[in-house]
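Asker: Each chain, letter by letter, is given below.
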Amino acid sequence: MKLLRGVRSAYASCRAFVQKRPAVKFTLSALVWLPLASAVIEYGVSVKTVRGRSMQPTLNPDDSLWKDIVLFDTFAIKFRHDYKRGDIVALKSPVDSKLIVKRIIALEGDTVKTLPPYPDAEVCVPPGHAWVEGDEPFRTEDSNRFGPVPLGLIESRLAYILWPWDRIGPLGKPLIPRHDAVVGSPDWRRSKAELEREKRRQSRVTIADSSSS
Amino acid sequence: MLFGRFARQAIGSWKTLLSLRPRDVVHFCRVHRRSIGYWSLQTINFACFLHLFGEHVATLSYVEGPSMMPTMSMNGELTLELKRINPAELKRGDLVTYISPLDPTRRVCKRVTGLPGDVVCVDPTGQYAPSTEHVVIPRNHLWVTGDNLPYSRDSRMYGPVPFGLVKGKLYARVLPWRDRGVFRNTFEYID
Chain X
1 MKLLRGVRSA YASCRAFVQK RPAVKFTLSA LVWLPLASAV IEYGVSVKTV RGRSMQPTLN
61 PDDSLWKDIV LFDTFAIKFR HDYKRGDIVA LKSPVDSKLI VKRIIALEGD TVKTLPPYPD
121 AEVCVPPGHA WVEGDEPFRT EDSNRFGPVP LGLIESRLAY ILWPWDRIGP LGKPLIPRHD
181 AVVGSPDWRR SKAELEREKR RQSRVTIADS SSS
Chain L
1 MLFGRFARQA IGSWKTLLSL RPRDVVHFCR VHRRSIGYWS LQTINFACFL HLFGEHVATL
61 SYVEGPSMMP TMSMNGELTL ELKRINPAEL KRGDLVTYIS PLDPTRRVCK RVTGLPGDVV
121 CVDPTGQYAP STEHVVIPRN HLWVTGDNLP YSRDSRMYGP VPFGLVKGKL YARVLPWRDR
181 GVFRNTFEYI D
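Chains as they are written, first to last, in the numbering used here: chain X, 1 to 213; chain L, 1 to 191.
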């Protein structure tokens, strides 16, 4: 009974302390909503900064002054399990469990022609795995080094570029030379090069028929 | 508490709850329009809190299937699973849960038998590989096997499991109640 009274008085004094200070009261009432906010970040969308050069020139190109700030869509991966070839995803590296950003090249059943550090010339991606690569083959640690990765390591899909204002926009499949770009202009050359890279990527992958469903 | 007070105001006593008509519900919603939105958001917030607690701190999880047969019965057991773990601090003999490398929607439970740097025999039973084959477990990976080797799909089939897939560690058995207790590490080292 005595203990109960002690708890009660402690609660009352805490309450009085909070009521007297609007700043503390405001902070506490905001903190109450923390679980909702962190659930949205963990299962919905989150904003992250991309470091490193492995996804050049799609992300962090050399002529950009800022690091890219991007929007990752976790919902599509964790709930819908929507893995597509060509999507840029964030995954936990099998080598050191750090978050890395790579592009899905092939899914289960596909046959990929590998690049040099990998011991075999061709590899068939096992069930439940994906083949991920960076866009810049010389500065990336990807499946050519550690082999196909389990889909469970993939955390989120890159949905939108938020910051460098000249590249703001969703990351879909533009990849057609822009019709409004003047032939020979930097824009036109860039989109042409992008198309070229996409073609080269696709030429290395033989897509399995059954996994299309 | 506050919601209870509102409810009591609206419906009088709990006995009238039995004769609740749709019209009453509509009336209640109309009277407390603002607070209903607030309190449903609070409820969602609390549900998020419970879920995040279960994902990151500890949760009760149900384990079933034949692959861990002598340790876990096939009919299923309720266990206490710790989620706040560092995969690098796991020991040989711990029971871990991880996302199956074969299917990202499945969680499986197996026993750790090899840590990074260990040399393990791929399959002593000769079921998936010849019993003379040995591998070194790479950095940041674990070797996991079921206790019931003939009915288990584990590292013998898909190789070492990266730390990134490991989600938790089974700590104690809760149900069936007479078998309750902390899981003991069953590994004995022979010099």
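Don't read these hints as lab results, they were simulated from the structure. One or more of the hints may lead you astray.
As the list claims (entries may be wrong) - Computed list of chain X residues with no C-beta within reach of chain L, every gap over 12 Å:
1) CYS14
2) GLN19
3) LYS20
4) LEU28
5) TRP33
6) ALA39
7) GLU42
8) HIS81
9) TYR83
10) PRO148
11) ILE168
12) ALA193
Said to hold, decoys possible - If the Cβ cut is set under 10 Å, some of the chain L residues that face chain X in the computed set are:
13) PRO66
14) PRO70
15) SER100
16) LEU102
17) VAL136
Claimed, not checked - Derived BS3-like pairs (lysine-lysine); straight-line CA-CA distance at most 30 Å:
18) X:LYS48 x L:LYS91
19) L:LYS83 x X:LYS48
20) X:LYS78 x X:LYS25
21) L:LYS167 x X:LYS78
22) X:LYS2 x X:LYS84
23) X:LYS67 x X:LYS48
24) L:LYS167 x X:LYS48
Source: prediction; values computed, not measured. Every residue gets a Cβ at the ideal spot worked out from N, C-alpha and C, and that includes glycine.
Asker: Which hints, by number, does the structure contradict?
Answerer: 5, 6, 7, 8, 9, 10, 13, 14, 17, 18, 20, 22
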